[in-house]
Amino acid sequence: MDAALAARNSVLDLAQMSLREVNQLLHDNRSGDFLIRNPRGAHALACGLDGDLNVSIDGHVGYYCAGMNKRAHVTVNGNAGTGLAENMMSGLVHVTGDASQSAGATGCGGLLVIDGNASARCGIALRGLDIVVKGSVGHMSAFMAQAGSLVVLGDTGDAFGDSLYEAKLFVRGTVKSLGADCIEKEMCDEHEAALRQLLDAAGAKADVSEFKRYGSARKLYHFHVDNAGQY
Amino acid sequence: MCGIVGLFLKDEALQPDLGRLTGLMLRELCDRGPDSAGFAVYGTKICMVNRNGAVDWSGVARRLGAAIGADVAVETVEDHAIFRTTGAGDTARKWLIDNVRGAWVLSQGQSIEIFKGVGDPAAIVERLGLTARTGTHAIGHTRMATESAVTVAGSHPFSTGDDTCLVHNGSLSNHNRLREQLARHGERFQTDNDSEVAAAYLASRLRAGDTLQGALENGLKDLDGFYTFVVGTRDGFAVIRDPIACKPAVIAETDDWVAMASEYRAIAPLPGAEHATIWEPAPATVYAWSRAA
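Taken in sequence, the protein lines are chains A and B. The first sequence begins at 1 in the working numbering and counts up by one. The second sequence begins at 1 in the working numbering and counts up by one.
Certain hints may be false.
[Said to hold, decoys possible] Okay, derived cross-link-like pairs now, DSBU-like style, lysine-lysine, Cα gap no bigger than 30 Å in a straight line:
1) 247(B) with 10(B)
2) 221(B) with 205(A)
3) 10(B) with 176(A)
4) 219(A) with 185(A)
[To be verified] Where chain A lies over chain B, by a calculated footprint (3+ residues, C-beta under 8 Å):
5) 257–269
6) 272–283
Please keep in mind that the hints were generated in silico from the structure rather than gathered at the bench. Note that the Cβ used here is the ideal one computed from N, Cα and C, for glycine as well.
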């Protein structure tokens, strides 16, 4: 029997296997359920997955967990280090604890759910990924975010949405300060519907009427003809 | 890059294991800082390391004793020497810097001992016998050099005065001017390293009457650059990150210990780490633990 096939639904123990062996085994499988034990803060765990896999990780992970994820569902039962799910393309990444800085950075698609808090620069340079943070986010979150959504059930740090493009931002708690060109916008029915869909997908129980919507004032990234004489 | 760790034992029963546990933490961060490593252990003094060749440590102890009019005993550990004296630590430190050309002064105080070496951190931990050391708390560093030469003196921790020292991950951009200002006010420098300036800055603030909390908060205004610092004190340690907080830090606490590290994997080997309360220290915020509190 194919060794990779035999390993499906199996437990991968990082106390017994090397990080490279675990990642290679996940890459060799296009589907299947895997439980990873003893991550002990390992970096780049379950990175670059491309398939209909369900991967659960029991414990805290290090940097870049589930980076570049395609289609796979990755659950971390613990905290995640810097760069969680960075540049993910599709699928679902779910962290039950907190995430360190730059969670979901440059993410292109899929859904990232963080049950706890995310620290600085959550969703930096977002390009289509939807992020739902059930706790709070740190400073400079959604910096230069182009597309996708960032939903925060708690509060934000300083300079939220600085230099924002067209990403959609929703916050239930307090915004410590808005970044350059980020403004509060009217919450219309279509926005409430989109927010409700994201909250449902993330399993977050919250009333959409409690949220405020933020977006780009579009004064920073468009060339303004009145400024032509400045150049 | 660089890796930093701190471990504060709440449970006295763990004190014989302080060195072993700190060694496990430092080993995890070898690839964050392969150039050199150092650590400060609080348990029992002036600690020195020779630059090259042999130093007649017994002779140094005799001359120091005569110069400051006090008893001086010396113990050697590899290329390090620990002087115990009944005299004033400040005076002894100044005399040693001025009069022992072949060695650097690493620390002074009632309880601190600092050890440093160049090369693979795991090998340094082994060579300087960290594993066997006992004590109440320790801080350590693995260095990837950016600002100054890879030398023993340029390795961390840097002493910041009596029983205090500092490890740094990051880089300071205004260290040159600040060094000149501090030197004019009598601070002594042994390297061109930016982190030594941060250490001297804290020492000068503490001497001016700041509390550790106050000195670190003043540093937010006066130190320009990126940093996560761990500052070891006689009875504990403090952690602070600059307001931008690019340099990583994670803190974990159990009933038995508090640990800080650049990455969680350095905390993972500690007993009970999987059930610890874990958080990332917020920017521009002082976190401190003390036995005295």
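Structure-based check of all given hints:
As the CA atoms of residue 247(B) and residue 10(B) are separated by approximately 27 Å, the hinted pair is consistent with the 30 Å bound. For the suggested pair residue 221(B) and residue 205(A), the alpha carbons sit about 42 Å apart, so the restraint of at most 30 Å is broken. A hinted pair counts as satisfied when its Cα atoms are at most 30 Å apart, and residue 10(B) with residue 176(A) does not qualify at roughly 35 Å. Between residue 219(A) and residue 185(A) the CA atoms are separated by roughly 14 Å; this keeps the pair inside 30 Å, and the hint holds.
Interface restraint, the stretch 257–269 of chain B with chain A: holds (7 residues with C-beta to C-beta distance below 8 Å; minimum three). For the stretch 272–283 of chain B, the stated coverage by chain A is satisfied: 6 residues place a CB nearer than 8 Å to a CB of that chain, which reaches the threshold of 3.
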